[in-house]
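J.: For reference, the chains in residue letters:
4 protein chains.
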Amino acid sequence: MTDLLWPGDHRAGDHFTGRQLCAAMLAVEESWLRVLVDAGIAPEAARRPLRLRQEHVEWFEDHSELAGNPVPALVDLLRADSDLGSATKQWLHRGLTSQDVLDTALMWCLGGAVAEVAADLRRQVVSLADLARVHRGTPTVARTLTQHAVPTTFGSKVATWLTAVLDAYDDLSGLTFPVQIGGAAGTMAAAVELGLDPAAARARVAGELGLADVPAWHTVRSTVTRAGDALVRCTDAWSRVANDVLTLSRPEVGELSEGVGGPSSTMPDKANPVLSMLVRRAALTTPMLAATLHLAAAYQVDERAAGGWHAEWAPLRDLARRTVVAGAQTTDLLEGLEVHPDRMAATLAAAGDAVLAEQHSMAALSGRDPREGYLGEAESLVDAVLERARTLSEESP
Amino acid sequence: MTDLLWPGDHRAGDHFTGRQLCAAMLAVEESWLRVLVDAGIAPEAARRPLRLRQEHVEWFEDHSELAGNPVPALVDLLRADSDLGSATKQWLHRGLTSQDVLDTALMWCLGGAVAEVAADLRRQVVSLADLARVHRGTPTVARTLTQHAVPTTFGSKVATWLTAVLDAYDDLSGLTFPVQIGGAAGTMAAAVELGLDPAAARARVAGELGLADVPAWHTVRSTVTRAGDALVRCTDAWSRVANDVLTLSRPEVGELSEGVGGPSSTMPDKANPVLSMLVRRAALTTPMLAATLHLAAAYQVDERAAGGWHAEWAPLRDLARRTVVAGAQTTDLLEGLEVHPDRMAATLAAAGDAVLAEQHSMAALSGRDPREGYLGEAESLVDAVLERARTLSEESP
Amino acid sequence: MTDLLWPGDHRAGDHFTGRQLCAAMLAVEESWLRVLVDAGIAPEAARRPLRLRQEHVEWFEDHSELAGNPVPALVDLLRADSDLGSATKQWLHRGLTSQDVLDTALMWCLGGAVAEVAADLRRQVVSLADLARVHRGTPTVARTLTQHAVPTTFGSKVATWLTAVLDAYDDLSGLTFPVQIGGAAGTMAAAVELGLDPAAARARVAGELGLADVPAWHTVRSTVTRAGDALVRCTDAWSRVANDVLTLSRPEVGELSEGVGGPSSTMPDKANPVLSMLVRRAALTTPMLAATLHLAAAYQVDERAAGGWHAEWAPLRDLARRTVVAGAQTTDLLEGLEVHPDRMAATLAAAGDAVLAEQHSMAALSGRDPREGYLGEAESLVDAVLERARTLSEESP
Amino acid sequence: MTDLLWPGDHRAGDHFTGRQLCAAMLAVEESWLRVLVDAGIAPEAARRPLRLRQEHVEWFEDHSELAGNPVPALVDLLRADSDLGSATKQWLHRGLTSQDVLDTALMWCLGGAVAEVAADLRRQVVSLADLARVHRGTPTVARTLTQHAVPTTFGSKVATWLTAVLDAYDDLSGLTFPVQIGGAAGTMAAAVELGLDPAAARARVAGELGLADVPAWHTVRSTVTRAGDALVRCTDAWSRVANDVLTLSRPEVGELSEGVGGPSSTMPDKANPVLSMLVRRAALTTPMLAATLHLAAAYQVDERAAGGWHAEWAPLRDLARRTVVAGAQTTDLLEGLEVHPDRMAATLAAAGDAVLAEQHSMAALSGRDPREGYLGEAESLVDAVLERARTLSEESP
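Protein sequence lines correspond, in order, to chains L, E, V and C. Going by this note's numbering, the first sequence opens with residue 1, and the numbers climb by one from there. Going by this note's numbering, the second sequence opens with residue 1001, and the numbers climb by one from there. Going by this note's numbering, the third sequence opens with residue 2001, and the numbers climb by one from there. Going by this note's numbering, the fourth sequence opens with residue 3001, and the numbers climb by one from there.
Honestly, the hints are just simulated from the structure, not real lab data.
These stretches of chain E come out as covered by chain V in the derived footprint (C-beta under 8 angstroms, 3 or more residues):
#1 1193-1201
#2 1207-1221
#3 1281-1290
#4 1350-1363
Output of the computed footprint for chain E on chain C, the stretches with three or more beta carbons under 8 angstroms from beta carbons of chain E:
#5 3138-3149
#6 3262-3272
#7 3356-3369
Partial chain L-side listing against chain C, Cβ under 8 angstroms, derived:
#8 Gly195
#9 Asp236
#10 Ala283
#11 Gln300
#12 Val301
#13 Arg304
#14 Gln359
#15 Arg371
#16 Ala384
Cβ coordinates follow ideal geometry from the N, Cα and C atoms, glycine included.
Extracted from the complex, chain L is given alone in its bound form (with noise of 0.2 angstroms):
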């Protein structure tokens, strides 16, 4: 179900919902009883399909509280499943505990929606790219503290919106999703006892589920902050395209339009800059978020956080499904965005020499006349940052 209250939250469909999250805490509960039923500890018999039934679902959700976190509702819960036979209740679970399998199943949830934000980004540089191309050399004002300033090219402008959707993907695309598995301290002792080999049996889970394989992080969560800030880095790209589109589709300039704006209740004849909105929306709430993963992971000690590790779940989850709404939302927006150049060029027009005044103290210092036009190294740097692109696109998935 999606968040009234986040329009375009159905944009970020399964990721980290309820649903994904119990999935892939049983596939992490199954993996690990399939290294204890291959290392010979368990029988053959404990190696079982785990599902959750929808009736418990709610009796799970109550009882997650007890605990803290839900893992342990969820391992009683299979316990009680009358179609789970002897052997996979007694073996469920041994070896680990509740942070291995909720770390795991996060990160295994995060991987996903950041592939999903990845994607977006790329797309986005095409988009980008294209647009950059097409107006390398299309006039325009530029704008500084408002007002205008000197003469540039959109594409240009368009070079600053790519650059930072780069910079976004850099970072994201360098992120690492690890396992985490380290029992009740970090020292897996209980799997030591149980007589496993750890470092197998983690690499063992790591290959299965697609994560990267580490030692226990439990109280180092650098893992989550990275992501946390890579992801807020991706908003605060779209933003400034957002900004742009706002300011730029106010009806006084009329030099971008979204393509499909959105209604109004009551006034018929509106077309809102909806796509545009939103993300500039996500993006006034996303830096707070990862504020938070901070201040959680800056709250470890122990061998485990009484809070710390708790005030992480929530808004990793928000973060990530608005930054994965936010992508799509500004993936349509730039595929659908409306250049008008005649508007550009109007606008040049009416500012007149103002915008020239710059140059012409440039020359009475040279002792020269102006040269024809004022656009300094623009379309180079378009070039620049399109042949940063072009890489990009050819090294890609």
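Fit chains E, V and C to the supplied structure of chain L, relying on the hints for placement.
T.: Coordinates of chains E, V and C only, in the frame set by chain L:
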């Protein structure tokens, strides 16, 4: 459905859910239809109860993105509803704008959530007053900057908890929840065009919904930020209690314990201070939600900000629900709290003369022998806050 | 010395500077010495004015790290001061703790900064009331979500600015600035050991410093968070004005302009809306400072939190100074604001029938011709807020 | 002058002070003058060292508000300086814009601060590696959610500290500090008009100042947000250490203590964990500063945002200085940390069988007697992180 990643979320029940929000939006539209009918503007046939049918809900959610807020989709749905007559469809929402319906509905939801928080604060005042009375003279060691300082009483520690709770209550009980009725740009132009008396219409809707009657506040968001700040003041107060419980229930200290500890998924003997931990968790996240409300308020521009308005809704909902949850958890925590005066006495005894070093230096300065005890005005501080609590209890609903 | 990286910082003058803070801390210590002498506990010779000599200041600053707060170093410095007699040195600070001195000094500084902000708010109310009166009927276009909506008056826009400023004033004028006198752990044990009546002593210091007399609040930080929240409500209000000026002074709109524009370092013809820009800047930073105060409050534990207390001071100072600066800038902005009704009229004329589409649909619904004008209750909304402003002006100091 | 309200601030020395910033801005202007002279555009006489005279500084600070940034006032001051010849005055700053000078100067300051933080991180790696080696096998109790969990080694706790520090180092050492040279709107139009090769000029300045050579990034602030995020990752890591020291140096635990405790102003026997407390303090404030940098980045619009750019400077400075301070404090904390294995052993002994409950349940499940010890892979985890630390030590400057 509760939120697996926010254990305890079920305690917030229906506050701000999609279902409650829809009901509230429909209540606004219904009330407005009554206004139109009673003023003789719409025909009597327009007065009809409004319902969302279950099959419409998913459609509605997906379409709430089109206008950037759910109201136009809601209005479209109702106008397409075969159960409603043409008069209702024709007059529905006439004179209102989306923001009127959504802001009013949110204030209605907020009022309900705040009332529940206030009820919890009142129960906590009772528990805390009892604890303070019982332990008015229970000796314990004061700790400053983690180290033993001087003797104090457990009652005087409880007095600080109670003071924080009373402060939070004072702020919360001063909040108002106003109706928002202004039309497209806050001027009620459409309502006036239809022949309505705008002030009377607004007063009528406010009265029917139990909200305050104030002029339109589309771009002045003090109401929202005040509520946010007051809710954070609640989690601040509860976190201060939770921190003490988390610290004093460490096994090495053992002076407090939660009535019912939370289980571990792998360590059979553990009893974790789960309520304190979950309350602490909330308080690590709420300040950033309230900051987001301020950022949104500060982003207002024109007669409705693109993004600034939209960024408020989900943070306000999350802040309200998390405060309701943390409030209920704190109530349980306090009602079940176990105090161990023997351990407090043992700590003091073990600390020995070190915690009387200040007293000895004061006595030396005075040229007198140290007095018996070193509790200063601890007991009268307890009495003062008990008096403040008593006043509250007497005046309350 | 002002802050180069916060242009306009000099407007905050001496509020919360090292110099002011030292003076305030010395005032607390002096007042306490008088209490000790007048109670017959310290000898008359102990009553001496306290001064920091310039050469001591740097030493003092470097040494403030040792105890984690500046008070112990200050006390050491005074005790080493050859100008002070032995009685003063012996009795200085007896019965107090560092937090008493620093919290009280900070409240004294805060009171001064808030008073200056309040004075600016009052000047703004006068300017805004004038603007609203003059432009009560000046036609302009209302813009929602960046697009033209319906006609309104510039006066009704100013009315929203004024409402936000009045709301901010209401909150700010409700703040209290209490003395903090509790001794080592809030119980006044040392003072009582010395023979003082703790309540009388506290009342005396409060009276001398012009602060409120309340029991010790070492670990209950509502006072600090309330001040922080109220200050942010000010920058929220001013930012809403600044956003409109930034938008409406764009050359394509040209409906407002700052009285004096800011220069560019290279473009001779530019006049930038510098005041609005700097006000907007402040509002992008203050919500996070207030959130930090909440986080610090929520981190209180024991009878003094290690880190929680310490994290408050600089954010409170920065928040207070930035609010003073932004307040003065907003006052200048409003007093110099240039309104261009001709441009407003031209925008409306260019918008044509599009902004009357709602009116036409309402008229069609009513089966009547559209009325003359479409301003609804715009003028009575202006009158209502002017009345609220008038009440303030009459009751004020 | 250091900041009384941020004890330890003197440790940040001259980083980002007004003095350093002025020196950096003058260095940018000087370098640019050399570019103009060497290109044969400005006469040889223009090549002059630039200085601010002390008497000018206060004027300069007050006037930095006029343009909203300090550069135009700096340029005015230099042009009014009787010590500079007319050629220098005439050619100074030609082709640059304010943002070029200020952003480049800030990057220069940032590079210096980050280098100091990196040096501290390297020292910490050495200390931590030593601690981990020495205590590789020191038994202690693992604590989860405040309660005793299972046995572990102190070395494996140190391994988590070291991992966090290494993660922070990885991010910090990946930062770049680019020159900003783009002219009024990023196109270098003025430089080209003067006859300069823009790319060569930019490379020359970058080379002279030791900064990275990249195209203008006026409105793409990834560089700033990446630095902010990486600095917060440092305080996150240090806070995790500080939390453990604060917890384990409580008198009831006594397993760690700071080498030198901080004094109280009134309690003669106290030794407070001041370094940990001040580090913890920093980490309560830095996430909000980095969030502010993101908000400013997301607020970029046009070719320079009114307010978005300006809101960055002070938060970046405060974040950098606080990180330098906290880094130095953490280095001292680690180098002086006292570890008490006897108290660790006593805690374990007192915990008794309770911390072996998990082992017993695993053994029962296996049908075997419990093994000797229950440390799992604790020692090999230590070895793994020591190997990672060794790699860093060998490759380092």
